[in-house]
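2 protein chains.
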Amino acid sequence: MYGLMMDRPLLISSILDFAERFHSATEVISREVDGSIHRTTWGGIARRARQLANALAALGVRAGDRVATIAWNNHRHLELYFAVSGMGAILHTINPRLSPEQLRYVVHHAEDTVLVFDSTFTKLAALAASFGVVKHFVALSEHAAASAEPGLAGALDYDTIVQAASADYEWPTFDERTASSLCYTSGTSGDPKGVLYSHRSTVLHCYAVAQADTLGLSARDVTLPVVPMFHVNAWGVPYAIASVGGKLVLPGPGLDGKSLLELIEHEQVSCLLGVPTVWMNLLGHLHAVGKRLTTVQKITIGGSACPPSMIEALEKEHGARVIHAWGMTETSPVGTVNMLLPKHALLDDAAQLAIKAKQGRPVFGIELRLIDEDGEVLPHDGQRSGHLQVRGPWVASAYFRREDAHDPAFTDGWFDTGDIATIDPDSYMQITDRAKDVIKSGGEWISSIDLENAAMSFPGVAQAAAIGVAHDKWQERPLLLVVPAPGKTLALEALRQHLETKLVKWWMPDAIEIIEALPLGATGKVLKRELRKRFASYQLPQ
Amino acid sequence: MYGLMMDRPLLISSILDFAERFHSATEVISREVDGSIHRTTWGGIARRARQLANALAALGVRAGDRVATIAWNNHRHLELYFAVSGMGAILHTINPRLSPEQLRYVVHHAEDTVLVFDSTFTKLAALAASFGVVKHFVALSEHAAASAEPGLAGALDYDTIVQAASADYEWPTFDERTASSLCYTSGTSGDPKGVLYSHRSTVLHCYAVAQADTLGLSARDVTLPVVPMFHVNAWGVPYAIASVGGKLVLPGPGLDGKSLLELIEHEQVSCLLGVPTVWMNLLGHLHAVGKRLTTVQKITIGGSACPPSMIEALEKEHGARVIHAWGMTETSPVGTVNMLLPKHALLDDAAQLAIKAKQGRPVFGIELRLIDEDGEVLPHDGQRSGHLQVRGPWVASAYFRREDAHDPAFTDGWFDTGDIATIDPDSYMQITDRAKDVIKSGGEWISSIDLENAAMSFPGVAQAAAIGVAHDKWQERPLLLVVPAPGKTLALEALRQHLETKLVKWWMPDAIEIIEALPLGATGKVLKRELRKRFASYQLPQ
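These protein sequence lines are chains E and D, in that order.
To convert, note that position 475 of the first sequence is 502 in this note's numbering; the numbers rise steadily by one, no gaps.
To convert, note that position 431 of the second sequence is 458 in this note's numbering; the numbers rise steadily by one, no gaps.
Treat the hints with caution; some may be incorrect.
Copies of the same chain look alike in the list, so a pair counts if it fits in one copy or across any two.
With a straight-line cut-off of 20 Å between C-alpha atoms, the simulated SDA-like cross-links for lysine to any residue are [what the hints assert, rightly or not]:
hint : residue 1 : residue 2
1    : 370       : 292
2    : 370       : 321
3    : 325       : 368
4    : 162       : 176
5    : 370       : 294
6    : 325       : 367
7    : 162       : 138
8    : 370       : 293
9    : 370       : 322
10   : 370       : 67
11   : 515       : 490
12   : 285       : 310
13   : 463       : 217
14   : 467       : 530
15   : 532       : 432
FYI, nobody ran anything at the bench for these hints, they're computed from the structure.
Extracted from the complex, chain E is given alone in its bound form:
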């Protein structure tokens, strides 16, 4: 017997309709590519999104077509988010840090029919034009300069086509399982792999991230997502803030500490979200100019493990509550979120920090499990680490156009994250490594992340990476690579002594090397593959 409740599909257009109907006057602020500030409202975004849908339809965009963007976080990208998915087409957000080969791959693989780009990325758009796949190019700004580029002579001007179009458009209704957007994981090896989200998965994720124990997104906050809209839908923040009717502040290209601080202070931002490197830059700038954050109440940090020292600095020095979270492109992305429980109030600062450094507890909808090398499910004892697997209604079931590839990452209805993790009895999950980065020493695993956190808690260490290097007796032993903070000289012996207070003896790196910089991938992650290649023949002291 079926229930007797209204049959209303979960559609992205319903989020925008809701924002327009009930939060029309709430502000949406963007930094433009030229540095100026643009002010509009959810009502303005909704009206322009309808105009954009008409303009795209006039270009021939039909349900299921892929419309690609290479763009910063700004109001035009936000209009594209809602218009493209809302009309039944698929929003393909391209990461501008992709290599030319990767760009060629994704544009061909997605068969993008339209490519919309910010002026910063005109060269990338011109490169994409040379592939002969995309039918229409649309410049979000500086149209004249863009159309002077080879291959972009016919590029359209975004504002012109939007303003010329009628705002009279009714969002179509369709099956909530319809594809809505496409993100490629620019992994550290192999071709990028496409994750194809649905309206259902996006709306369910939207409900989840606005929960009090998740990211707690709220109309009572002014929210600034520094996490890029070209990276896993900016963690779903654009949808969720529309759904709660909150004021949204979009930083455009201004991701440096100075630009961010200016925007935070001017717009009285209370809620920030982004990856650790962004906060390192912001903390550096705050320190340099001798300022403190005064309006910020919470900072969600994800994308890679947040060093405990950063949590401490943000909470103690700047009075912001850090929400440590974990997710992947394949998980929409929010999987786990770290909130302390009432009982943790009794713990001292160090013990609280040890919990906050974990990636947190699963959000309802996400199930986690750990399996060992033999496929056995491990207990949640906080000790044993295993392969982290996940399932839920906003977790990918396959990669786009690789549905029949029998990918071992998708087995028995679970997605294997490629991470190694522990789960403690209170269900706090902690990533100890990427499966391919774990250092295998004498049949036991050494967590490269733990080594790196220990190193980064030493004054004068800006960044650290631990990799396994071949060893005759132990198979692999850890080599620690450290980048000194600008202007600092590292005393290796003092660092070694510091590590001895933090690590069990057999985890101590066999060698420490100072390097100038770590190689970073398209999403800012350290390319350990590159480091392993570079240090492949490194001679550890035997």
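Guided by the hints, dock chain D onto chain E, whose structure is given.
Using the frame of chain E, we list chain D on its own:
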């Protein structure tokens, strides 16, 4: 083109599975019918729910069957919530305040196959036994006394059948639109009408109520739903607290101020939810014993309009934040929630209170509109009042077994709430009346609720009800009925002068009468129908 996300149905069993897997040790506390305190955990609830599912299956309960409960908020009722819906059967929660005729009607109409009852309600169960519909009766406690009642000789003992059953049970997977539970609205007139919820609507509502801007339900709180589990699924709190892994405190029959305060203090309750009358009792008790609430941080108030004076007392004297919310059985129930916006911080106390007295803004998923007598949609200007209509995925589309009745409440995909309301430009909705209670004076509407709030803000008035009485010239004019606070004498002239400071002249009641008590319906609402009957021939001064 479909997205490539996992196909996981939204099922109530997945909430319990999640709580068991990730929040197994979190406590669930209940006050038993005998006043003692029972302590278990979400792990314990999940295990017993599986045993219960086996026990019910052994009694012959199959998918789609209705299992009725007449029970307080306690751990056994919680087990029934999850087991009955989880196994694919339908949980029919019966309000013990139904009249014998209404009880007869709903048991026949629902065709309940099993009826489970708390010992407080043994007489009601015995009455139900006389209907010859229910096949099995199950006593939640005091089984010996229950089976001595006529018709209940064969009643089973709940704990005995649960403990005898295996905990080995896998929750079945089925279509998320499957019916999960059934609540009858014991309206103030006509036969009760059944609202048949689905797993989908329940899980979506569960996500919504745990949002930061909704009820903000959290694992960081200790939550005590005073709202009964026999009333619109206790506003979804049992599901939502399981989904966030929070500590749940269930008050059993102890709804008086003294019992509640004892439980709040002992379990360090931080989050309360219930109807205004409950808080009036609690405030009365706190005042009588000279105590203050010290652990409570938020109190959600719904079910009927919350008088501003109550909000003020709870916030100013007891330091709790009041969350004023609105919903109906037909809306699962949460429709709107009142949270102030950052801009409201600039307002003075009186202006803030005026906003807090409104029923709040719609939760994403719920659309509201106002229509006038001609069916025209009215603007959101905060001035014009109209018929409040609502739609969304957790709103009823029809009443159970009246699907073909062409009920005018369900027209054009909207549900007509029967309420008269305004919506202001910030989307705060305010109920000004029930459509049938509005006082029609010379073609204009007078809000009975506004009159009652004005009266209740006068010291010495405990309760108030305004009704329209026939008037030769104006069609209807207001008569105000007031119940003095215990031990107080009301000075009617002073009350009248007070009202003159609060109301426009033509809204002033033509007469005020003191009465001893207001007639209340099964859910604690004032039965204005009774008052109108009693005062039908009342002679207003002309």
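(request) If any of the earlier hints don't hold here, list their numbers in rising order. (result) Number 15 only.
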